[in-house]
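There are 2 protein chains.
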Amino acid sequence: MPNVTDILRSAINPRTVAVIGASSDPAKFGGRVMQFLVKHGYAGRIVPVNPNGAPILGLPAYRDIRDAEVAIDVALLAIPAQHLVAALEQCGAARVPCCVVVTADFAELGDEGAARERELVGIAKRHGMRLIGPNCLGFINPHLKLALTSSIALAMDPMPRGSLGLISQSGSMMASMISHAADCGAGFSACVTVGNQADLEICDILEYFIEDEATRAICIYIEGLKDGRRFLELAARCRDAGKPLLAVKAGSSDAGAHLARSHTASLAGSHAAWKAACRVSGVINVDDPESMIDCAHFLVCFPVIAHARVAVISPSGGTIAVTADRLAAAGLELAEPRSQTRDALRTFVPAARPLNPLDVGGLPRERGISAAEDAQALLSADSNVGIVFIVVATTPQLDEKVRRWGQAALAGCKPTVILFTPGTLVDGARAALREIGCPYIDRMDDALRVIRAARDYARVLSAPCHAPSLPLVVPDIETALRSLPRGALTESEAKSLVRAAGIARPAEAIATSAEDAVLAARRIGYPVVLKAAARTVVHKSDAGAVKLGLESDDEVRAAWREIDAGLARQSPPVMLDCCVVQQMICGGVEMILGARWDPQFGALVIAGAGGVLVEILNDTALTLAPVTHERARELLSTLKVWPVLTGARGRTLADVEALVDAFVRVGGLAHALGPRLVELDLNPLLVLGKGVVALDARATLATMN
Amino acid sequence: MPNVTDILRSAINPRTVAVIGASSDPAKFGGRVMQFLVKHGYAGRIVPVNPNGAPILGLPAYRDIRDAEVAIDVALLAIPAQHLVAALEQCGAARVPCCVVVTADFAELGDEGAARERELVGIAKRHGMRLIGPNCLGFINPHLKLALTSSIALAMDPMPRGSLGLISQSGSMMASMISHAADCGAGFSACVTVGNQADLEICDILEYFIEDEATRAICIYIEGLKDGRRFLELAARCRDAGKPLLAVKAGSSDAGAHLARSHTASLAGSHAAWKAACRVSGVINVDDPESMIDCAHFLVCFPVIAHARVAVISPSGGTIAVTADRLAAAGLELAEPRSQTRDALRTFVPAARPLNPLDVGGLPRERGISAAEDAQALLSADSNVGIVFIVVATTPQLDEKVRRWGQAALAGCKPTVILFTPGTLVDGARAALREIGCPYIDRMDDALRVIRAARDYARVLSAPCHAPSLPLVVPDIETALRSLPRGALTESEAKSLVRAAGIARPAEAIATSAEDAVLAARRIGYPVVLKAAARTVVHKSDAGAVKLGLESDDEVRAAWREIDAGLARQSPPVMLDCCVVQQMICGGVEMILGARWDPQFGALVIAGAGGVLVEILNDTALTLAPVTHERARELLSTLKVWPVLTGARGRTLADVEALVDAFVRVGGLAHALGPRLVELDLNPLLVLGKGVVALDARATLATMN
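Top line first, the protein sequences correspond to chains D and Y. Going by the numbering used here, the letters in the first sequence line up with residues 21 to 725, in that order. Going by the numbering used here, the letters in the second sequence line up with residues 21 to 725, in that order.
Isolated chain D, as found in the complex (with noise of 0.2 Å):
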């Protein structure tokens, strides 16, 4: 049986394509497809088939596939619900290898539509065949003029060519970029909707296109994935490959998740686990689907990016100032022009004005498109420029200055970028830049999103390539697992993990008795905290239940009476059984590690500013699962709170070193217990002069497994 690639290859590049549901009537679903395969000028055979059996658009056409006797690639199925079953089976006999189903309301709808989803991936098993969709718009490969889709963005005529691989769980956002690259200058090797991925999905595609001589990038908009991990070993794939991989996700907020569940029966997963999976892996996380496309384009375009520092050239003093306004907002950098670039450009330009962003307007008359390509070729040549970043505004000459602009970025190949702040008004400059294949956008929004995109580029293309980080061994972490029960763990049990990763705790002791406690706090020694150890209290502060600094055993008798009464007032009433007595331990900067398991990308841990600063920083830094030490160390130093563990504003060092070693740890945890630590928290961990010490921890173990 062929594999999965060279199923889709024949299914992507056809000779045959058979239409099931074919009509004349462009107002149906299967009227607009052989509408679209035949106006675009598909050169392979068309089958259509319909119950009726009558020419369509002048092609013969069959009541049964089977009838067609010829070796089919792939089959498009435009057909109401009810009828599938019966279609997927005659396609089944007649041996299709492939096919796109159209048709909507499957596990979109909830159980039932899952169902009978299954039902149609269970016919295809049996047949050997291979499903796209269903709840797709199918797909268009522009080197074959073939237009396989009823989306009525294929109204436009042609249809965009190019080295762009577009993957879309939803087929009107990919008309929506189709159209937009066929404004802009971009264009496509295939697009390719999955709609609700009920057998092929992303990740088969993706491997198509990285294996795809003619796509050079590859874009994906993505509601759900269905297998994380697989998607991260093929993201790498494509950076070995030299192909960049560009994403949109739904689902970064609550209604977006939920809609995207709604959409395609996408379960969106953990944003945060999506972008620290896109930092590892080296995908470039988009947050707009057309300006992906300007993204790609470029990459493609400018394929060396050695970093990302603009130097930005304009006809526009005011247009400059904002637009230095604009890149200090989006975070990126302006460059420093050598010394060298600094003297020539000084030849021409006043000495008042600033040479980065640099003001190319209102020069002496005779330098006026001189003055523009010179400015141009010096800033390009200068090494410490990344990206040249070019603000068309109106100005004499227009059309000429862009002309030469675009040429001289492609002959030069520093990456450049041009914005055209007018409209339409400019329209014969887009075209020029058009013709000679040069990029260019249309708002300063999209402009900074591609700046962002090659900057995270540079970053794919220059990472050192990571040895597989070893997973620490935690030697007695099995041992430690069978003596705990599932669910919510008490925080002495949570400490108990904790202590096998060998991460210090304070020293501390179990007390069932306010008495019990003063002989507790005896031997550990004063000052002590006290803290109920109820499985059902969660939030220990918020109930009242941890007493901070009692200095005598008359202070541990009346902690443990208020803890008491503040748990009977709890709703329900709480019982207080037994409380830790924890060595009080001052001075140090509160931190949070902790782990969590996503489903779509595994264990992941995380690092942030901890106590009362948790919930007003806002401050986490989060990866995959196992982590090196060097790794940790860069993702802890991008915290906002960083500088005050390195000692901000004259305060004692920390000792940060013990901090990533605990993150490494914690890492190593979540690694070997894999979906059986659903979530652990150590909170607050302090990070004193000297060690860590975890003072309090919760952790979840999953309850099935």
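One should not assume that every hint holds.
Chain copies aren't distinguished; within one or between two, either way the pair holds.
[Said to hold, decoys possible] SDA-like cross-link-like pairs, simulated, lysine to any residue; straight-line CA separation at most 20 Å:
1) K295 / A348
2) K710 / Q603
3) K295 / R249
4) K660 / N638
By construction, these hints were calculated from the structure, which means they are not laboratory data.
Guided by the hints, dock chain Y onto chain D, whose structure is given.
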């Protein structure tokens, strides 16, 4: 003598215009101006003036404007700098009331150019004449078909007529905004560029637009304001007149501020002060010039905005998922439809689909247009919905759906943002909306800006007319001030200001020797703090010149020695002549309160998270002084640390009212001292369970006034 607005009214709506430096060569400034004047069909009289006096474009020309023997309302001067003085003298002699100087290379080049610029203003003043520019591009008045500008944007024909008044310091940005307006169906009452604002400035033009009946909203691109307080007064008049005032201001970054100076000799001022001023005075601050036109056009079409909770409708399930994510990321809120709306929607929306955002795609065929129309009608009629946001993606019957959406939006008056995600593919639908005068947007970023602008304007409309806050009287302030030096104050000196404003400080004393400090510490009571009182040590903590928690005489002596040794190691070394001995106060929440003098907007008062959080949280709120208790409370509640003050996560409540009162007092102090107080910082100001106390203070008084 007529007032400025009268002069501007007849200049912008002239019967006769003169062009000094008129030419037949469209490559020259004076040639383009003549070409545009004639091409657009200005019906008034045109008086070309140039040295040879030959007719231009069929119009009789003059060697000297005085020869024309006709009353000129406005003259545009497009001549080399060396001829300007003579030409202005001639205009003055010909009693021209207003001249527009296009010529550049004046104050933006530095001191020498500024001197020449002052000479121009002097000539104008002598003749009782007013100037627009220099370094501007003139203006247009589409209602008169008058293009008195050299901007090549006016190659377009016709120019977009409408009700937006535009003021721009940049000529080429005016061009981009005109081009954008023409594309999206917006138009102008007039567009005026002001360049270097040597004489007439933004506020003069603004005042004209406030009084101009054809103008219903005003847009400004600002590089620098000449008179911030006047601008704020005019902003209040805009609000009273029901004319939304929108502004893009360059200079939010250092690079942007620097470029504004080199472009139109403008001092950008503090951007934080600008943003605070916008909030106080109801100016809608936008970061993108073309989008500002979208926002203003929208506010003119939908002038009544109750609130900005959004209902989203789209025929694309993928698009609404992404839209929900983008709204959330932009801090915008989805509306919760009322139950009757929900019930009515459920009659045609499947149960599995969320109702907001609402996917109206793929509904049963017979519902087609009807579903799209009904959904809009139901959500528009719902008072929980402030703004309807229709995201148009490719869908069958698109043009007809969009036309009906547009008509219903204009008829129903519920503010409706229509966004097109496909490009030119759906230009037919765009044309349909332009035809009926319904605004639309082409990019999600811009749609979000429009919704944000609508939210801001809803706040302007609903803001209670704050009674002008009576400045807090600070009775002893002049007495306190007389005893203080100018320049940087010591901690004790700064605290005498704080005390005069009625803000508590800890018990403290000055000590001139270690033994003196011991005596003071005993008097105050242990534990104490010891701090160097040297004027030259600004960051005392960094210099090791603050010793906390001293518990005994010996610890005070040791601390004195350490501070002394530490200061001696400074470069240059500092002699320890005296220290402050201060009561040690524990607990509470550390805040910062401060005041700044801003050259554009006057006294500002600032609050934020204090201590080490100042740097890492970057959490400050800022407003113009003086300030009422009500406004102070509102502003403080926007701080990230606010939940900590009000007792988040079981922390003790802090005395928020005392903090509010201290904020008002610092505002009163800043207002009373005016430019004499350059800056003041109380950091940390400790907010205790009862009251606040300023632990440390820094202040700088102006050295000359």
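- For the identical chains here, do K295 and A348 meet the 20 Å Cα criterion within one copy, between copies, both, or neither? Only across copies: K295 and A348 sit 17 Å apart there, 23 Å inside one copy, limit 20 Å.
- Item | Identical-chain pair category, K295 with R249, by Cα at 20 Å | The answer is within: 14 Å in one copy meets 20 Å, while 45 Å across copies does not.
- Query: Is it within, between, both, or neither for K710 and Q603, if the alpha carbons may be no more than 20 Å apart?
  - Reply: For K710 and Q603, the Cα distance is within 20 Å only inside one copy (17 Å; across copies 31 Å).
- Message: Checking an output row: K660 and N638, CA cutoff 20 Å. Within, between, both or neither?
- Response: both (9 Å within a copy, 10 Å between copies)
Hint violations for this structure: none, all hints satisfied.
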